[in-house]
Amino acid sequence: MAHAYTPGLKVIKKTVVQKIRRLPLIGEVVVKKGDKVKAEDVVATTNLPGNVIPVNLANMLNIDSSEIPDLLIKQVGDSLNKGDLIAETSGIFGLFKTKAISPATGTLESVSKITGQAIIREAPIPVSVQAYIGGEITDIIENEGVEVSTAASFIQGIFGIGGECRGIIKILTQDTTTPITADMITEDDKDKVLVGGSFLSLEAFKKAEKVGAIAVVVGGFNYSDIKSIVGYDIGVAITGQEEIGTTLIITEGFGEVGMADLTFDLLKSHEGKMASVNGATQIRAGVIRPEIIIPLDGKTKIDESKAELFGMDIGAEVRVIRSPYFGMLGEVTDLPHELKRLESGSLARVAKVRLYDSKKEVLLPRANLEMIEKK
Amino acid sequence: MKPEAIKSILATDCGSTTTKAILIEKQGDEYRLVVRGEAPTTVEAPFEDVTKGVLNAAKEVEELCGRQLLEGDHIITPQQGDKGVDIYISTSSAGGGLQMVVSGIVKAMSAESAERAALGAGAIVMDVLASNDGRLPHQKIQRIRHLRPDMILLSGGTDNGNIKGVVEMSELLKAASPKPRLGISYKLPVIFAGNQKANAEIEKNLKDVTDLSIVPNLRPVLERENLGPARDKIHDLFMEHVMAQAPGYKKLMAMTDAPIMPTPGAVGEIMQVIARKEDITVLGVDIGGATTDVFSVFKDLEKGKPVFNRTVSANLGMSYSISNVLASATLPNILRWVPFEIDEVDLRNRIGNKMIRPTTIPQSLEELKIEQAIAREALRLSFIQHKEFAVGLKGVQKERTISDAFDQSASGETLVNMMDLDILVGSGGVLSHAPRRHQSARMMIDAFLPEGITQLAVDSIFMMPQLGVLSVVHVKAAAEVFKKDCLLRLGTCIAPVGPIKPGKEYMRINFTLPDGRVVDKAYTLGDMELFKAPYEAIEAEITPARGVDVGAGTGQVVKTKIYGGLVGIIIDARGRRPFVLPENPAERVAKLQEWSKSVNEFEDK
Numbered sequence: 001m002a003h004a005y006t007p008g009l010k011v012i013k014k015t016v017v018q019k020i021r022r023l024p025l026i027g028e029v030v031v032k033k034g035d036k037v038k039a040e041d042v043v044a045t046t047n048l049p050g051n052v053i054p055v056n057l058a059n060m061l062n063i064d065s066s067e068i069p070d071l072l073i074k075q076v077g078d079s080l081n082k083g084d085l086i087a088e089t090s091g092i093f094g095l096f097k098t099k100a101i102s103p104a105t106g107t108l109e110s111v112s113k114i115t116g117q118a119i120i121r122e123a124p125i126p127v128s129v130q131a132y133i134g135g136e137i138t139d140i141i142e143n144e145g146v147e148v149s150t151a152a153s154f155i156q157g158i159f160g161i162g163g164e165c166r167g168i169i170k171i172l173t174q175d176t177t178t179p180i181t182a183d184m185i186t187e188d189d190k191d192k193v194l195v196g197g198s199f200l201s202l203e204a205f206k207k208a209e210k211v212g213a214i215a216v217v218v219g220g221f222n223y224s225d226i227k228s229i230v231g232y233d234i235g236v237a238i239t240g241q242e243e244i245g246t247t248l249i250i251t252e253g254f255g256e257v258g259m260a261d262l263t264f265d266l267l268k269s270h271e272g273k274m275a276s277v278n279g280a281t282q283i284r285a286g287v288i289r290p291e292i293i294i295p296l297d298g299k300t301k302i303d304e305s306k307a308e309l310f311g312m313d314i315g316a317e318v319r320v321i322r323s324p325y326f327g328m329l330g331e332v333t334d335l336p337h338e339l340k341r342l343e344s345g346s347l348a349r350v351a352k353v354r355l356y357d358s359k360k361e362v363l364l365p366r367a368n369l370e371m372i373e374k375k
Numbered sequence: 001m002k003p004e005a006i007k008s009i010l011a012t013d014c015g016s017t018t019t020k021a022i023l024i025e026k027q028g029d030e031y032r033l034v035v036r037g038e039a040p041t042t043v044e045a046p047f048e049d050v051t052k053g054v055l056n057a058a059k060e061v062e063e064l065c066g067r068q069l070l071e072g073d074h075i076i077t078p079q080q081g082d083k084g085v086d087i088y089i090s091t092s093s094a095g096g097g098l099q100m101v102v103s104g105i106v107k108a109m110s111a112e113s114a115e116r117a118a119l120g121a122g123a124i125v126m127d128v129l130a131s132n133d134g135r136l137p138h139q140k141i142q143r144i145r146h147l148r149p150d151m152i153l154l155s156g157g158t159d160n161g162n163i164k165g166v167v168e169m170s171e172l173l174k175a176a177s178p179k180p181r182l183g184i185s186y187k188l189p190v191i192f193a194g195n196q197k198a199n200a201e202i203e204k205n206l207k208d209v210t211d212l213s214i215v216p217n218l219r220p221v222l223e224r225e226n227l228g229p230a231r232d233k234i235h236d237l238f239m240e241h242v243m244a245q246a247p248g249y250k251k252l253m254a255m256t257d258a259p260i261m262p263t264p265g266a267v268g269e270i271m272q273v274i275a276r277k278e279d280i281t282v283l284g285v286d287i288g289g290a291t292t293d294v295f296s297v298f299k300d301l302e303k304g305k306p307v308f309n310r311t312v313s314a315n316l317g318m319s320y321s322i323s324n325v326l327a328s329a330t331l332p333n334i335l336r337w338v339p340f341e342i343d344e345v346d347l348r349n350r351i352g353n354k355m356i357r358p359t360t361i362p363q364s365l366e367e368l369k370i371e372q373a374i375a376r377e378a379l380r381l382s383f384i385q386h387k388e389f390a391v392g393l394k395g396v397q398k399e400r401t402i403s404d405a406f407d408q409s410a411s412g413e414t415l416v417n418m419m420d421l422d423i424l425v426g427s428g429g430v431l432s433h434a435p436r437r438h439q440s441a442r443m444m445i446d447a448f449l450p451e452g453i454t455q456l457a458v459d460s461i462f463m464m465p466q467l468g469v470l471s472v473v474h475v476k477a478a479a480e481v482f483k484k485d486c487l488l489r490l491g492t493c494i495a496p497v498g499p500i501k502p503g504k505e506y507m508r509i510n511f512t513l514p515d516g517r518v519v520d521k522a523y524t525l526g527d528m529e530l531f532k533a534p535y536e537a538i539e540a541e542i543t544p545a546r547g548v549d550v551g552a553g554t555g556q557v558v559k560t561k562i563y564g565g566l567v568g569i570i571i572d573a574r575g576r577r578p579f580v581l582p583e584n585p586a587e588r589v590a591k592l593q594e595w596s597k598s599v600n601e602f603e604d605k
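Top line first, the protein sequences correspond to chains A and B. Going by the numbering used here, the first sequence opens with residue 1, and the numbers climb by one from there. Going by the numbering used here, the second sequence opens with residue 1, and the numbers climb by one from there.
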């Protein structure tokens, strides 16, 4: 039987974080294996092919496509400036010529005598990839990118919007259950990664954006408020490309949910340190979760052993990830083999869990439990 | 091996998250499902080898059936004594399935034919480009660059017609220099199935920048479609390129005794086999976590030939895409199926949480009801898309006149005719695994609004993909297992169509149940009732009111056989054309609760 539980989000105090930094197209890697890099250093560059502008010369000159080659002023491969003459008709006795003018600066890439279409390609668009985390180049992917490694604390959120950024961590709430309110955010929070407890209102997010906070990390947020930020409904959880000033990372889920103690405590222990943050989320096979990486000082000793993913066992610490006990933590006390009927009427594999808050023992579907993975 | 010599078959379906295996064996003269096993799909890291999941699922089958099927890392074929199976076959939708962009010259003609070819082959169509799609050339180029499909199908122009349009499209494609989704080191497969006079120009433009294949025109003349060659080429390239890029697929391809099919393509195959064998019209739906597929086989009224259509609603599903159902359907449409009052912000948050934790299941009855409300809307929207698409040219080699060719929508109305529908088949988690089959029946009825007399069924454990690929190598085995082990007959829905004033008699029904109970009853608008009855033929007489139709025309009495099933016979007199739910929330909730009770949706009366 397939294991029906979610492995859980990573909240790791000390680990080696490895990040692949890859170009969208083949290009040039500008660092060597073993190089020490800072987060903002460029590690690889390339040129994206320039934008393409098709112009139909036959239509512009009002002639048959087959006549085009004889009327070209510029030839394929020639450079063009906006306003340059590409082709013109011979007119009547050299008068009344019809002209085809280039609408853009670039190169004349092709001209078709079948369709009369000319393709003008604008200058290549340079693209570079930064290291994103400070560390060491541990591998080179020839012509494509690098692997950067660093000793760091590593925290995953459940959902985020907005892309990569960096800033100093600042804790806004005393505990995991206090919501972040707009009045907690001040002008001093510019370029900061703000961390708070259970909830962030839309008003508070707008304030963070206004003062120039680089990111907010919080337990919960209203799903309906996402639309107010990005301007559209996020129908499928594939994010990271949103053009917003402040990256948002939700660690627990939608609604008001206290941030897990483990996450909050670890972030709190790094208050004042620089963090690399990315809201990019992709919930599909090959899931990508939003992340907060806090590089540790070079002398920190790391336990290189990987956290092993065991199946759920008695004594395991779990978090409930669906109502009615959403967000609560507990310990697995029994794992009955037989399927049990839920209140919904479905038969499911269940676990008996003692909830920490109420000390109550409840039967919960294993699919609704998340293992707490820590090291 | 000759089909009649095959005694045992192992078939797997490698889904995005789970690999499902079934073992079929010949018992006496017939083929039957023996056991089913499953294991997580292993396309992603750390395994990155799809065959590991296949072997794990096969291992579970081995343990359950109690005989050896595996030897080390391979499946024993053919069967030797008690060991192994005679053939092993598989389908796959792992890694997001087959994602394509199609293009034509005229959106409603060659582009639509190209879309039909791609969908019929089991692809997800990411975009349809056409000369007249309203986008400027540079916008099309940007779109092609942005999408990164697995494959592009280029069509357009009738044979020996003007080549300008299709060559122009190839120029745009060349300028865009599209990159494939998987891997950056190989060329994107492009199939040209357009005006054959343009072959040389197309080759000149695309041969160097893409992996170009040229097949016969999918629309050689305006009034005829020839989708077969393009569809076959898509299957070949899917195997050679897309599959070959996915981790472990080369190994899997070597293990199977027949080509691996894309999962939806396989489901389409089995639907067609059943419609053909039983000479019935079929509407099938497979609602998954990310996508919903709708399949139909209706009769072409002019020629009486069955016509197959498939659509995939790429972003309508019950987990990964659940928030998109909310965005597309809008909150009021979901709320209209929720049989209790609920705070809107809370409902949105619950839906968002299902999206970000897609593997969770409803624990409370309230959560289940919410999910089933959303499922109704996902199904309804997918069906609307299907109806809009199942128009115009119909499947392979369909003849039509030039005037029809210019009048796509009018001909489309004749295709998906709910009054002609014989059976509605549901599959996918929310339908196959609903705690009560009554709930599956209600979801399908509410979403599809069947008209007249329609049988309802669900795929018991979602094995249609495996049976689809099996139907290619062994039709008899596929059909027998489908009928006996796959299809769970839920019963029949009887729904009168047409307007009627409240309180007036809508229809009268007269039949005798197998247990001897005689039913002779009149129904008014808004009534719903369930009669428990097994899957046995019951002679029934249904008399609609004047102006109301139950299948034989307005006001015409229908005398026919109806069948019960796991649920029974459902009388649905809530109205069709129009079907209206009360606007007032309190009234609506009361009505929903009343209908739930009347069909034992949540508990037996």
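Read the hints as simulated data drawn from the structure, not as lab findings. Misleading hints may appear alongside valid ones.
[Said to hold, decoys possible] Cβ-Cβ distance ranges computed for the label pairs, FRET-style: (1) A:336 x B:555: 53 to 61 Å; (2) A:333 x B:187: 53 to 61 Å; (3) A:202 x B:134: 32 to 40 Å; (4) A:333 x B:47: 26 to 34 Å; (5) A:265 x B:526: 52 to 60 Å; (6) A:206 x B:232: 51 to 59 Å; (7) B:73 x A:139: 48 to 56 Å; (8) A:261 x B:581: 44 to 52 Å; (9) B:209 x A:268: 48 to 56 Å; (10) B:332 x A:202: 39 to 47 Å; (11) B:7 x A:336: 52 to 60 Å; (12) B:343 x A:188: 32 to 40 Å; (13) B:136 x A:182: 40 to 48 Å; (14) A:143 x B:207: 20 to 28 Å.
The structure presented is a predicted model; accordingly, all values stated were derived computationally and were not measured. Each residue gets a CB set at the ideal place from its N, CA and C atoms; glycine is no exception.
A quick look at each hint next to the structure:
no.: 1; hint: A:336 x B:555: 53 to 61 Å; verdict: holds, 59 Å
no.: 2; hint: A:333 x B:187: 53 to 61 Å; verdict: holds, 57 Å
no.: 3; hint: A:202 x B:134: 32 to 40 Å; verdict: holds, 36 Å
no.: 4; hint: A:333 x B:47: 26 to 34 Å; verdict: holds, 32 Å
no.: 5; hint: A:265 x B:526: 52 to 60 Å; verdict: holds, 58 Å
no.: 6; hint: A:206 x B:232: 51 to 59 Å; verdict: holds, 56 Å
no.: 7; hint: B:73 x A:139: 48 to 56 Å; verdict: violated, 30 Å
no.: 8; hint: A:261 x B:581: 44 to 52 Å; verdict: holds, 46 Å
no.: 9; hint: B:209 x A:268: 48 to 56 Å; verdict: holds, 54 Å
no.: 10; hint: B:332 x A:202: 39 to 47 Å; verdict: violated, 22 Å
no.: 11; hint: B:7 x A:336: 52 to 60 Å; verdict: violated, 39 Å
no.: 12; hint: B:343 x A:188: 32 to 40 Å; verdict: holds, 36 Å
no.: 13; hint: B:136 x A:182: 40 to 48 Å; verdict: holds, 44 Å
no.: 14; hint: A:143 x B:207: 20 to 28 Å; verdict: holds, 25 Å
Checked against the numbered hints above, the structure violates hints 7, 10, 11; every other hint is satisfied.
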